[in-house]
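Hey, can you work out the whole structure from these sequences and the hints?
What follows is each chain in one-letter form.
2 protein chains.
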Amino acid sequence: MTINSEFLTIGKRPVRHDGVEKVTGRAIYGADMNLPGMLYAKVLRSPYAHARIKNIDFSDLKNHPDCIAVVTSEDMPIVQKYRESVIEINKYPEPRQSFSKFTEFDNVHLVHNILAVDKVMYRGHPIAAVAARNPHKAEELLDLIKVEYEVLTPVISIEESLKNDAPNLTDIEIKRNIINNSISPEKIVNWANVGGDVYNVLGDLGKGIAEADYIVERVFTTQTVHQGYIEPQNGTAEWLPDGNLKVWCSSQGHFGIRDQLAKALEISESSITVIPLEIGGGFGGKLKVYLEVIAALLAKKSGMPVKMTMSRSDVFEATGPASGSFVKIKMGARANGQITFAQAFFILESGAYFGAPVGGASNCIFVPYDISNISVEGYEVLVNKPPTSAYRAPGSPIVAFGVESVIDDLAELIGIESLDFRIQNVAKEGSRRSTGLINPKIGALETMKAVKTHPHYTSSLDYKISGRGVAFGFWSNGGGPASVVANVLPDGTVSLIEGSVDIGGTRTSISQQFAEVLQIPVESVKPRIADTDGIGYTSNTGGSGVTYKSGIAAIEAAYDVKKQMLERASIMWETTVDKITYGKGVFHLIESNKETSFSKLAEKLNSLGGPVVGRANLNPSTPGGSFAASLVDVEIDPDTGKVSIIRFTSFQDAGKAIHPSYVEGQMQGGSVQGIGWALNEYYHIDNQGIMKNNTLLDYRMPISLDLPMSDKEIIEVTNPGHLFGVRGVGEASIVPPMAAIANAIKKAIGTRLTNLPMDSKSVLNALRN
Amino acid sequence: MTINSEFLTIGKRPVRHDGVEKVTGRAIYGADMNLPGMLYAKVLRSPYAHARIKNIDFSDLKNHPDCIAVVTSEDMPIVQKYRESVIEINKYPEPRQSFSKFTEFDNVHLVHNILAVDKVMYRGHPIAAVAARNPHKAEELLDLIKVEYEVLTPVISIEESLKNDAPNLTDIEIKRNIINNSISPEKIVNWANVGGDVYNVLGDLGKGIAEADYIVERVFTTQTVHQGYIEPQNGTAEWLPDGNLKVWCSSQGHFGIRDQLAKALEISESSITVIPLEIGGGFGGKLKVYLEVIAALLAKKSGMPVKMTMSRSDVFEATGPASGSFVKIKMGARANGQITFAQAFFILESGAYFGAPVGGASNCIFVPYDISNISVEGYEVLVNKPPTSAYRAPGSPIVAFGVESVIDDLAELIGIESLDFRIQNVAKEGSRRSTGLINPKIGALETMKAVKTHPHYTSSLDYKISGRGVAFGFWSNGGGPASVVANVLPDGTVSLIEGSVDIGGTRTSISQQFAEVLQIPVESVKPRIADTDGIGYTSNTGGSGVTYKSGIAAIEAAYDVKKQMLERASIMWETTVDKITYGKGVFHLIESNKETSFSKLAEKLNSLGGPVVGRANLNPSTPGGSFAASLVDVEIDPDTGKVSIIRFTSFQDAGKAIHPSYVEGQMQGGSVQGIGWALNEYYHIDNQGIMKNNTLLDYRMPISLDLPMSDKEIIEVTNPGHLFGVRGVGEASIVPPMAAIANAIKKAIGTRLTNLPMDSKSVLNALRN
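For the record, the sequence lines run as chains A and B. The first sequence: position 392 = 652 (our numbering), numbered continuously. The second sequence: position 255 = 515 (our numbering), numbered continuously.
These are computed hints drawn from the structure, not numbers from a lab. Be aware that one or more of the hints could be misleading.
[Unchecked claim] Derived lysine-lysine pairs resembling PhoX-like cross-links, with alpha carbons at most 20 angstroms apart:
1) 523(B) / 506(B)
2) 972(A) / 712(A)
3) 506(B) / 282(A)
4) 864(B) / 523(A)
5) 864(B) / 854(B)
6) 902(A) / 1021(A)
7) 860(A) / 523(B)
8) 864(A) / 523(B)
9) 724(A) / 902(A)
10) 506(A) / 282(B)
11) 712(B) / 688(B)
12) 322(A) / 397(A)
13) 822(A) / 864(A)
14) 688(B) / 701(B)
15) 701(A) / 688(A)
16) 523(A) / 860(B)
17) 823(B) / 864(B)
18) 406(A) / 322(A)
[As the list claims (entries may be wrong)] One-sided excerpt, in silico: chain A residues whose CB lies under 8 angstroms from chain B:
19) 529
20) 741
21) 751
22) 797
23) 869
24) 870
25) 873
26) 875
A quick note: this is a predicted structure, and the numbers were derived from the prediction, not measured. Quick reminder that beta carbons are idealized off the backbone N, C-alpha and C, glycines included.
Structural data, given as structure tokens:
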């Protein structure tokens, strides 16, 4: 089928299917759960960032009338097994698209993080949990638990963690085969806390360095930041009398949550049903189980359903923020502007357990450019902070901050306009990445050209101390397994059952694709997200993959429906399928005036062979990466160092933008998160590992008053791996803002800032030096 | 595929999947519904069986603090339209397997029955309903509604309804084309209240009569009886802010309920989601909407969810019992025992609106026998009683009571043993029914032979005044649209999503068929029943059709899963599908020692192309009829006339009994209902149309103390239209008990009783005469 460029609904902006329910407050989020006889539970969390648990005394809870159940990690039988295990890692496992396949290594840390085993590894680490009839009682009961700690020195920076005398931050013995062919000048001496080693080489770095007329080398650092989703983590669990477990929670993937529950509780996947509730933001932070397992343990002990929700401080201290980092970038170019080499050495903070996005960073670094000689070396190290999790394009913004800063400096050194320099070196279809992958059809050049021709780029900038910066970024986007089932209802509406939880309007973006194939109004599609038994396995809502993978499933299901409907029409008209055409929602019997609409035929299905159910279950693997650019004007207040964003334009290659409003929303949202990361946000952690700004008042995310309405331009270089050209749009826009702002600040004040956040103090310091 | 006679699970008796949930009281029935802010509503019902509503005064409810919403039929816009409509019926519509396709005629009565329009047609007819914060308040508020009636003479018998001066019991003008070729001596003079005319002729009745050496002609009557399901009707409705309606109820088919709601409320099917709750019995009585529409109207008015449940008296007075009847049977045979003709004329009570099972009765009558000359003429007439509904094998038990009584008398007259007489005339494959249908493969002879060789039949009967009776019966069983979706879970378990509500253990009987095809344990199937948007259209749980139709869907879905699993195995082994065999749950690569189990392969699906989802949506049409026999010993108390059932054996051709325990349960249940109908149960209605025994204390259903454990023998003459031979087993066993008991009583006391119930008074009268 060739899809007409005149789409019925693709590229249009219909009202989202869940809109009314959400604006009227009727949509059910995790905290809205309510079951008969439900208990509430709270978690006792570690006040120390690093300590050995010598004893937990529950004697004051024994026989306490308000205490219904208490659990610690001892209630997870799997813990005993892991105490004795030895893990062998030769190389960091492949970047994981979903948590469905755990390595043994992951399992250990999964479990240790849910409830501390012998040691607490970060401030806020769960130690025990108590269930009571109301949440306040549960909170009060926590005070009656007496924990005896042996306080250990916390390790809170990459530097400390790598020191020769640094404590080994994991109790698990790790056997390693270290790659010793590093050409990096940095030598890691103590490998005890290091994991996730990636080492990619393309071409001949020495040759590239030799060919360079100009070389820039800089070190960058970034701090721990949080995704800042508005809805705290939650989980409600209930055991059915037949021994099966039901869990309700807000997550980025209920199948992943189910699989983690199965691992932690050592029960089979089929004995667990996870019911997805609405999710108030995730950005990568809602892929892992936290409270779900604890609620299940307490529900088992008490025989009653148990609900748990986090406070904002719990969220900051004990979920998965993005890594702090150390990034060293070295790049060189000929005098004619051709980049001859690029080298990166970076270390990401793991937090308390391994899992930092070394893979994401190394897969995305340098991708916007066509460079012949590249070396990328990356690691993660343990520190006594909450274990990090994915955060929107995980890893890519951290390294892009360094790369795009160095490129600007290199262009300046050579004396080329930095955007022209980028365009000169842009990656194209057929050029090779540092991972060895050859670029498929990509939109890097188109994105850069869009910046160059945008009125913002060509406008003048007339503020006092001001600068304009530009930067680019890449995110690979993901695919993964997805399932869709489509039930044709008798009025011609279709109930579309999906497995992807909807964070950013994907009910509608998936429905649009389904509707387009069938040429029916998108309002005639009634999407719903089924639980883990109600639809085939569908991977997480992450990696910007939903509109792509569940979109392909919806397209295939629509073709399946169309095929069956044609068969039904052929029964009705007593002819063969090849004598019938279908277009614009109407079946037509060739060489006759017989016609019937999709909905008229839908009415008659039962008498024409039975109901029509479309179905697709697949695992597509051609998501197509996205390039994004940020173009920003900043003004600096010379008295305070405050950086004001005067104008911001976000550019992104969406492939085909199914619902442009949602694409723009993603671009604006990613940009704003990037601006926060650039200028204000960070975990203010003291030398004891205590986060001092663990509320939204003190952890300074940008609010609407801080920013102008950001402009946005969608570029559409379609992905040949998808019928409508979808690439995935949720992440790329967070990659370039930090570097773009750093480049703008440099233009304004002449100083290259290399550490995030570039807050007033840093800028004032730079102004004064 | 040829199915091995050594089945893995078919014919076994596994524990039902919903067993634990039900015995622990956790299964959710209609009365268990609870929604935040839910209101309760009660119905004001007519105290008169026939009256014109002159005025309804709600003034005392206006501004009453407890009254949240009130509705009458005026709140259904469709009512106005129907007031003005003229219905033309030429012939009664075909017997309806489901309510999904309403005739205009049905719609009118559907709506009139929900809330009375201008007239009340039976005692208990809903007039108005009130919603309040609790059910007691709602009940109290009903007293404040003042209705002014013009009381009309009720018509409470067939005889009265046919009288020349009988009032026209419908306001709807009906134009008719009467079939005037009736050969029946009964002449209907006043057609005003008559509907449902069926007239089937086979052969030449005159010739058959002429050939007969012996003729028996008798008139039989039966009374209104109720299905007696333990769970009263219920319905909870909630309107979502997007304008869609959710309804929870216990029904025999949520798709049918949805479609009726759509008709009554004049909204599209896709704007309604009906969520099926567990059902505490139905037997045909839970196919129609009652409270669901009223709850929806009140929920709309109040803006809050509304729950409604019936009392037992409501159930008796205002749901759908089985018709009372007048049945005239005339049959003749040669001296050699060959039946030469059979003639039936019968009239069923419709109750207040048309819908009596004239079709069911006429399709089943005489089917156990091969008779060349048959005439069957049947009608239904309106009376001021609740509108009748289906009741287990609807229509068939009523006519079988007459036919099987006459056959016994005819055999006695000829001097043949009545069972031998039946066997001599038995219907076989290829013989023709009165409907013109040629019998497919049937089990009539096998059922009769099973009786003849059963130890019960050959045992002696040594009680004082006792007799043994035998009778046969037929039910055609049904099919209809059905859908199944099967999600393979990573541990090799399969989530099986069905559309058929489970009344008699069909979760398990469907799962067994699915498991058998895949050769996996039935415990590895996790069945669930989805709501009307969660699965393709599936017709009602009725007509004994579920194990047949949803079974075929499950079988097809299992083949679909198998096909996909083979493809995945071929990907894993890098070969083609034809190189792989599958048996006993194991995939084997031909000419190698490579093997993998279903569950091991299930673990790897995501990396072999994605999840596996099986699917089937169909409308099979070869259900295969069932024959049943009752063999009963009765003892008569000469002082009281009490008939005691001493021994009872039920025989039934199940086709293949998928789960024999559930088949036996159906046989025992049908037999017990038949015994109740035979001996005790009836609506005691006074001359004003008031039911005097409207509680379970007074409406005397048999309890365990009344009966011996009934024996049962399953006959298996497989249905060639189903892979495993399923016929359908829920209904046939209620057909013969009344005649079998009448035949036994005749043996005991020498008198032919022809009116049901054959209670102590009738028997005592017979004994005394």
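**OP:** May I ask you to test the interface hint for residue 875(A) with respect to chain B, counting a Cβ-Cβ separation under 8 angstroms as satisfied?
**Re:** Constraint on residue 875(A) satisfied, holds at 4 angstroms.
Original post:
Was the hint right that residue 529(A) lines chain B, CB cutoff 8 angstroms?
Top reply: Holds - the Cβ of residue 529(A) comes within 8 angstroms of chain B, reaching about 5 angstroms at its closest.
Original post:
Given the hint that residue 823(B) pairs with residue 864(B), does the C-alpha gap stay at or below 20 angstroms?
Top reply: holds, 16 angstroms
Original post:
Taking the closest Cβ pair, is residue 797(A) under 8 angstroms from chain B?
Top reply: Holds, about 4 angstroms.
**OP:** For the pair supplied as a hint, residue 322(A) and residue 397(A), confirm whether the alpha-carbon distance does not exceed 20 angstroms.
**Re:** Between residue 322(A) and residue 397(A) the Cα gap is close to 15 angstroms, so the pair holds against 20 angstroms.
Original post:
Holds or violated: are the alpha carbons of residue 864(A) and residue 523(B) at most 20 angstroms from each other?
Top reply: OK: residue 864(A) and residue 523(B) at ~16 angstroms, within 20 angstroms.
Subject >> Hinted pair residue 902(A) and residue 1021(A), Cα distance within 20 angstroms >> reply: Holds, at about 8 angstroms.
Original post:
Quick one, are residue 972(A) and residue 712(A) close enough, alpha carbons at most 20 angstroms?
Top reply: holds, 14 angstroms
Original post:
If you draw a straight line from the CA of residue 860(A) to the CA of residue 523(B), is it 20 angstroms or shorter?
Top reply: This hinted pair holds, its Cα atoms lying about 17 angstroms apart.
Original post:
Does the structure keep residue 701(A) and residue 688(A) at a Cα separation of 20 angstroms or less?
Top reply: Given pair residue 701(A), residue 688(A) holds - Cα atoms ~7 angstroms apart, limit 20 angstroms.
Subject >> Pair hint outcome, residue 712(B) versus residue 688(B) [Cα-Cα no greater than 20 angstroms] >> reply: The given pair, whose Cα atoms are some 18 angstroms apart, holds under the 20 angstroms limit.
Subject >> residue 822(A) paired with residue 864(A) [C-alpha distance capped at 20 angstroms] >> reply: Measuring from Cα to Cα gives roughly 15 angstroms; hence the hint holds.
Every hint from the earlier list agrees with this structure, and none is contradicted.
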